[in-house]
Each structure stands twice: as C-alpha cells, then as structure tokens.
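There are 2 protein chains.
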Amino acid sequence: MKRTAFFISDGTGITAETLGQSLLAQFENIQFSKLLRPYVDTVEKARDMVQQINAAAEKDAARPIIFDTVVNDEIRRELAKSQGYMIDIFSTFLAPLEQELGDGSSYSVGKTHSIQHNTHYKDRIDAVHYAMDNDDGARTHHYAQADIILVGVSRCGKTPSCLYMALQYGIRAANYPLTEDDMERLQLPKALKEHKHKLFGLTIDPDRLQGIRNERRPNSRYSSFAQCEFEVREVENLFRKENIPYINSTHFSVEEISAKILMQMGIERRLK
Amino acid sequence: MKRTAFFISDGTGITAETLGQSLLAQFENIQFSKLLRPYVDTVEKARDMVQQINAAAEKDAARPIIFDTVVNDEIRRELAKSQGYMIDIFSTFLAPLEQELGDGSSYSVGKTHSIQHNTHYKDRIDAVHYAMDNDDGARTHHYAQADIILVGVSRCGKTPSCLYMALQYGIRAANYPLTEDDMERLQLPKALKEHKHKLFGLTIDPDRLQGIRNERRPNSRYSSFAQCEFEVREVENLFRKENIPYINSTHFSVEEISAKILMQMGIERRLK
Numbered sequence: 000m001k002r003t004a005f006f007i008s009d010g011t012g013i014t015a016e017t018l019g020q021s022l023l024a025q026f027e028n029i030q031f032s033k034l035l036r037p038y039v040d041t042v043e044k045a046r047d048m049v050q051q052i053n054a055a056a057e058k059d060a061a062r063p064i065i066f067d068t069v070v071n072d073e074i075r076r077e078l079a080k081s082q083g084y085m086i087d088i089f090s091t092f093l094a095p096l097e098q099e100l101g102d103g104s105s106y107s108v109g110k111t112h113s114i115q116h117n118t119h120y121k122d123r124i125d126a127v128h129y130a131m132d133n134d135d136g137a138r139t140h141h142y143a144q145a146d147i148i149l150v151g152v153s154r155c156g157k158t159p160s161c162l163y164m165a166l167q168y169g170i171r172a173a174n175y176p177l178t179e180d181d182m183e184r185l186q187l188p189k190a191l192k193e194h195k196h197k198l199f200g201l202t203i204d205p206d207r208l209q210g211i212r213n214e215r216r217p218n219s220r221y222s223s224f225a226q227c228e229f230e231v232r233e234v235e236n237l238f239r240k241e242n243i244p245y246i247n248s249t250h251f252s253v254e255e256i257s258a259k260i261l262m263q264m265g266i267e268r269r270l271k
Numbered sequence: 000m001k002r003t004a005f006f007i008s009d010g011t012g013i014t015a016e017t018l019g020q021s022l023l024a025q026f027e028n029i030q031f032s033k034l035l036r037p038y039v040d041t042v043e044k045a046r047d048m049v050q051q052i053n054a055a056a057e058k059d060a061a062r063p064i065i066f067d068t069v070v071n072d073e074i075r076r077e078l079a080k081s082q083g084y085m086i087d088i089f090s091t092f093l094a095p096l097e098q099e100l101g102d103g104s105s106y107s108v109g110k111t112h113s114i115q116h117n118t119h120y121k122d123r124i125d126a127v128h129y130a131m132d133n134d135d136g137a138r139t140h141h142y143a144q145a146d147i148i149l150v151g152v153s154r155c156g157k158t159p160s161c162l163y164m165a166l167q168y169g170i171r172a173a174n175y176p177l178t179e180d181d182m183e184r185l186q187l188p189k190a191l192k193e194h195k196h197k198l199f200g201l202t203i204d205p206d207r208l209q210g211i212r213n214e215r216r217p218n219s220r221y222s223s224f225a226q227c228e229f230e231v232r233e234v235e236n237l238f239r240k241e242n243i244p245y246i247n248s249t250h251f252s253v254e255e256i257s258a259k260i261l262m263q264m265g266i267e268r269r270l271k
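Line by line, the protein sequences are chains X and H. Under numbering that gives the first Met the number 0, the residues of the first sequence are numbered 0 to 271, in order. Under numbering that gives the first Met the number 0, the residues of the second sequence are numbered 0 to 271, in order.
Don't take each hint at face value.
Treat identical chains as interchangeable: a pair holds within one or across any two.
Unchecked claim - Here are the simulated lysine-lysine pairs, DSSO-like style, with alpha carbons at most 27 Å apart:
1. K58 with K197
2. K189 with K58
3. K1 with K195
4. K44 with K197
5. K44 with K259
6. K121 with K240
Honestly, the hints are just simulated from the structure, not real lab data.
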C-alpha cells in the first residue's frame, strides 16, 4: 500500500517533519512518499500546496496525510480545502494548553512562530568550531575546555557524534583516535590521562568497521577484518581496564548515540 | 509566572522535545524550566520520573506540563499517576491515523519506536566527512561531488550551515571563504567559476560580523568595523554581479538558514 505524506509549515518544517516521521514510523506496512514543504506563508503558496495535495490524492487513489504547523488561520483554512487528511498539530494541543496555562498563546493572535533553539545560538556556533578544531586528536591542549572527549578506533563514529552534540546542544566535544600503539601498550595517551573523567568510549562491530574502512582504503591492512577485530577487542579491553564508560555505536543513529552518551555522562543538555 | 515542563520518552526524546519546544514558544509570558528525560523505558524509571514531577509541582505550586512519546502502555499509566498535566503525543494522533490508514500501527501492539532518519545513515556520515574535508576552501578539487558550495566572507556562518545540512539531510556541502582579493577584483576564484550553478552566498550584518570576529582576533584589522563593513558590501556586490543567490544569516538559526538555502536551490531533501 502506498500513501503520500506532506509536512507543511510556515517555518522550517522541522516540528511537522519530526512528529510526522515518528508517527508514520509506527505504520510499517505502508510505504509513504514523504514531502517536506517549508515556508508556506502566504495564501498563494497554500493554493499551490492544495494543487500538489490533490494531484497526489489522484495518483495514489487515496487521501494524502498532511502534518501541518501553520499558525496563520487563513492559510490553514486554504489547506483544509484540499483532499488531504489533516493532522493539525498546533491546533490540537494549543487550546488545551491555553486552558491549563491560563494565558493566551501567541498562536491565538496569529503570530508566526520560529524554531526554538535548544540553546543559545552563540554557544552552538562556538561548540561547532570547537569540535572542528579538536577533531581526530588534531590538538590536545584545549581539552580543559571540553565538556566531553570521545575516544575509540579510527572510523567508529566519533566525528559525527561530536558535531551533532555541538550543533544541537552547544556541547564542546573533542575526539581522539586510539591507535594500535595505545592498544598494544593498553595505555591511555598522556594527553587523555589528565582528563580521564571527560572520556567516553565508542566501539563498533568489527564487520561494520571493516565495511566503513574498506570504502576509505580498499584492500589495505587498515581495512582487513583481522585488523578491525584486533583493534576493537583491544580498545574494549582498554576501556574496561581504565573504567571508561562506552557504548557500541553499530546499531544506533547519531541522535541515539549522543542521547545515550549525555545521559550516561550525566550532562544535562542546556535547554533554553 | 514559572512552570516546569518535562519532555519524556522511551527513546532519545527528540520528538517530544521538538514538539514541546514549539508549543511552549507560543506562551511568551510564562517562564518555563525545561527538562529532557530520554530512555524512560522501564516502570521503575517511570516511578522515579513521577517523583521528579511531583517535586516540581510542589516547588512551582502548579502542575508541570508533561510532553511524552512513550509507547509502552504500562509506563504511560505509571507516568499518569503523577501530578503533571499530560500531553500524550502518540496517543492523541495514532488512533485517528490508524482509522485513516486502515492498518494497526506498531504502537497498538506496544512496539518500541526508534527515531526515524531523514536519510540513510551512511549518506549522512559520508556527507559529514565531505563537509569536514571541504571546509573553508581547504580543497577545491572535489567540488564535482558537491550538492552545494556556500560562499561568503570569513565567519559569516558557512561552516555550521554545511555541517547541519550534512548531518540532517545527507547533503554534500562544501564552503569557500571569499577574501579581500576576490572582492577587490569583483571576481570569482577560478575553482568556483566552473561550479557556478552550485554556489549559494551567505551574508551578515557588519556589526554582527564584527562581534564574532572580535572574539577570535580582538582589536585586529580583521575585526574592525570598517573592514567588516567593506567586506560585506563588496561580497554582496559580487553576489549580485554574478547572479549568485544569497541570504543574510544575521537573524536566522542554522536550521532556518539551511531550510531557506535548500528551498531556494530547489534541492529536495532526501526523506527516507
């Protein structure tokens, strides 16, 4: 079975998309064609959307599902003229929330919303530059400023996790690749020892690691299964010996890895 | 007025947090203390949450607002024993969606959900490494693989925007800093000319740019208002002369900048 879903917003569409994706993920037997439509902020654009929705309805021979977070009442009324099945996210929750909070929301006066930042803009940008500058063990003399230092073998997922934590939460995350040398000595490099309480380990299944490394340097020792298996086993031994908390990244997304790390480290994300 | 809000999930909490933040943003007169509580995936953890919620209720002398995306019925029933005001996100929408789609969701059989990725994991990770390797004009010989190349003066917000597009949407985004030389000649560097259709410009208000640069190199020519003002004016002239689409990043978040760029470039984000 095939259905089309639209995520429509007068802003970025992130809220409509995030909620819509989570809800549709519960329907595993249906194949959805998903379309993100941000900045639908005029009645004209809404009319164009109605045409797109109706065209999809005809093509699928079924009503498209519409997730919308449009604030403006006129625009929403226009969208409602389509043949879509509307999930009107803001309307659903704002009326009961207004009652509970005893305060008129901006919504009821038609104010456009903008995305809320999890933390202050400047903190996020600074954290992104910190992660870039302290990626892959490039520098170790700024670890005093780190909130967290990810350690693990080459290509186990450290860099994307650091950048995600920086961008989403303004967390200063450095990362350091543990090499064969470190493992054979079962020793932490000196630069890491002084900041041991900030260390968090990532590990990965050897066959997954081999696949990733093989794309980078095909048919090399670096990407051989024996090497990957050796490094992963030894790095896990090192984590255990040094009591460094760690997780296996193989089956998790960057979002999940980051959430688990922050929870285990007891780092409260700075929500604005 | 002060209220506490909890974002509670058996997963990362991203859906609960995103929707909760958007909804609470509509209530500008209330100061919320916001707490993210991911991986509440056992009845024991739910009991602990109930204690935290009730403690907040007592402290605020008002019911905390609970946004939850917990799938397990037993855990939700436990949470419902608290003194919080529950916004049960999944329950609200899944029953009507099941009816519309004529298919039982995994929700109704209590299957744990995990975050949906906007695109395939590998694409995102590859794109992150592409953005890192092609940051700040470091290399120009891989522009053929770029989906987009951001251009603008130093510190106008290119790097975080590229990384965001990579992480969220698996888009390969390079960036190139336009220097005084380029501006004085009002010429695009050769490396960029061949990929002109991939260029997108970022600009920024001179006083904001000065603030950012001043933190990096205080009291330098680089961070003087005159220099910032000159570079911004000239780069905008260059954008106009070369017909490069551009936006002013000053008042937008990374999410907003990215959404606007992709919309204007007509790049459809690859939603899985």
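Against the structure, the hints come out as follows:
Taking identical chains as interchangeable, the C-alpha atoms of K58 and K197 are never at most 27 Å apart, the minima being 54 Å within one chain and 32 Å between chains. In this assembly of identical chains, the alpha carbons of K189 and K58 never lie at most 27 Å apart, being 63 Å within a copy and 46 Å across copies at closest. In this homomeric assembly, K1 and K195 never come within 27 Å of each other (Cα to Cα): the closest approach is 52 Å inside a single copy and 38 Å across copies. With identical chains, the CA atoms of K44 and K197 are at most 27 Å apart between copies only, with a shortest distance of 26 Å across copies and 49 Å within one.
Taking CA atoms no more than 27 Å apart as the test, K44 paired with K259 passes between copies only; the shortest distance there is 15 Å, against 41 Å inside one copy. Taking identical chains as interchangeable, the C-alpha atoms of K121 and K240 are never at most 27 Å apart, the minima being 38 Å within one chain and 32 Å between chains.
Consistency with the previously given hints fails for numbers 1, 2, 3 and 6, ordered from lowest to highest.
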